[in-house]
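If you read the sequences in order, they're chains A and B.
Heads up: the first sequence runs through residues 1 to 288, numbered per this note's numbering.
Heads up: the second sequence runs through residues 1 to 208, numbered per this note's numbering.
Incorrect hints may have been included.
[Unchecked claim] Label-pair distances were calculated between CB atoms; the ranges are:
1) Trp-6/B - Pro-239/A: 39 to 45 Å
2) Thr-26/B - Arg-185/A: 31 to 37 Å
3) Ile-150/B - Ile-3/A: 25 to 31 Å
4) Leu-138/A - Ser-148/B: 53 to 59 Å
5) Ile-150/B - Gly-178/A: 29 to 35 Å
6) Lys-269/A - Asp-162/B: 21 to 27 Å
7) Lys-102/B - Val-168/A: 41 to 47 Å
8) Glu-37/A - Gly-179/B: 42 to 48 Å
9) Asp-162/B - Arg-103/A: 46 to 52 Å
10) Glu-285/A - Gln-30/B: 35 to 41 Å
11) Gly-179/B - Gly-178/A: 42 to 48 Å
Hints listed in this document are in silico derivations from the structure and should not be mistaken for laboratory results.
Cβ coordinates follow ideal geometry from the N, Cα and C atoms, glycine included.
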Amino acid sequence: MTINKLTYYPGCPSATMAMEQDISTKAVFEKLGIELEELEDWNCCGALEAEDPKLVIALNARNLALAEKKGQDIVTPCSICYYNLARTDKALREDEKLRAELREIDSSLEYKGTVKAKHVLDVLVNEIGLAELSRKILKKVNLKVAPYYGCYLGRPPETAFDDPDEPVLMDRLIELIGAENVPFRHLKTKCCGGPLMITRPDIAFEMARKILEGAKKAGADCIVLACPLCGMMLDAKQPDIEKALKIKLEMPVIYITQLLGLALGIEPKKLGLNKNIVGTKRILEKVR
Amino acid sequence: MPIKAWELDPNFKYEIMKEPGGEHLTACYQCSTCTLGCPITELIPSYNPRKFIQMSLLGMRKEVLSNPDLWICALCQTCTARCPQNVVVGDVLSVIRRIAEKEAEAGNITIESSRPLFEKAFLHTLEKYGRLYDMGLALEYYPNREGSRIKGMRAMMKDYKDFGMRMFKRGKMGPLGGGGVFKGMFPEKIKDKEVLKKIFEQMGEKEK
């Protein structure tokens with residue numbers, strides 16, 4: 001299937017904490033000849049802090065309705081935004097009463113269900129496809145990679161687009177670009193602790209430690225992931241984790257779009273590889 | 001601790017089941033798959049989703065709602081994905097937390113966790129600006145958690161001093177990374193704030 005244009009939902013951390021994910025997503029799609037048109041005046045999806053599903057549905061109905069006016073599917077690089085957009089899409093398709101309730105709140109919340117919400121990883125592997133991607137690979141990325149999927153790509157079942165226990169989409173991209181997947185099956189989908197980062201850092205740090213030390217033990221040069229909250233926890237908080245738990249990790253953590261971008265021959269700076277908190281120099285030396 | 005039948009609330013399960021997400025509570029047959037796969041239980045053995053469900057089914061309303069463990073769920077959805085009975089465990093626990101919050105607001109219980117304050121501060125920035133504003137969130141959350149502005153600022157500095165410096169150096173906040181001198185320090189606002197107002201008003205109505 002050829003896609004020329006998608007509506008892009010960047011998500012709140014895209015301008016600050018996860019700017020390298022935003023930059024690299026845009027760079028990769030540009031290289032692939034697909035236009036990402038940012039959804040105008042998008043609002044926050046409610047993340048995991050909006051626990052009332054009705055609130056989540058109302059917030060995301062507005063984004064979906066805005067995307068529907070543009071007529072293209074909506075794609076986001078964030079796993080949590082994806083979950084909220086996708087579950088809202090599903091709930092509204094199935095429930096006319098709910099649609100009517102939202103219409104009553106405001107006409108701008110009226111969503112007919114004519115577009116789909118997708119995660120960047122899903123689009124890359126399942127829509128653009130590995131065959132198409134492989135034609136555009138220019139460089140060999142000679143890295144050992146720990147693919148970390150986190151929670152919201154394979155769970156919960158209502159919105160998942162990969163296997164809950166043995167997800168494969170990132171593994172396939174990593175193989176495609178000539179890198180090696182280290183044995184990481186036991187940690188791939190184990191929560192990094194991100195949602196407890198502020199309220200229970202003691203628990204969150206232990207959870208993140210398991211992932212980071214596991215990657216190190218498996219011989220990985222870096223962890224690759226697809227969620228800005230995981231990125232914040234495993235990369236931006238890594239020095240805090242090292243300090244609090246008195247351990248040395250120095251494990252680079254990059255987004256899958258940054259890794260793929262390297263293989264596509266995009267300049268590291270244009271992939272925001274100077275923005276990751278744990279330095280990425282060692283990784284870049286292995287790209288030829 | 002013996003269970004006193006006369007202190008149980010037989011309606012608690014229905015109270016949960018009528019909320020969105022709580023519908024499948026009674027499908028639980030206590031296999032404990034939720035708890036065995038839980039990454040929190042692995043670290044904090046007292047944390048037990050299966051028990052929360054059994055206690056709710058029995059009507060141990062007060063014990064469930066005032067249990068501090070309710071607030072250490074990482075929302076990872078492992079329990080939900082693995083449950084053979086499709087109880088949607090994660091959503092059930094979320095319903096229980098929302099009931100607990102309402103009870104706390106009514107002054108009937110006290111919650112020994114700062115998580116509700118965090119969630120509220122998050123939603124306040126969203127209601128005001130339409131997008132997450134990290135600094136606004138922190139400026140509300142820390143003083144509320146610590147009970148005073150000064151203590152709150154101190155706690156915030158402790159958590160954010162090094163973190164903030166890292167963000168600044170990499171240009172993720174401040175002038176070094178493009179996007180303006182004060183990037184990340186002031187909120188990004190959406191244009192259509194009227195609709196947000198309506199959404200939050202409506203949600204507030206429902207809670208009463």
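- Item | Unsatisfied constraints (hint numbers, rising) | 1, 3, 5, 8, 10, 11
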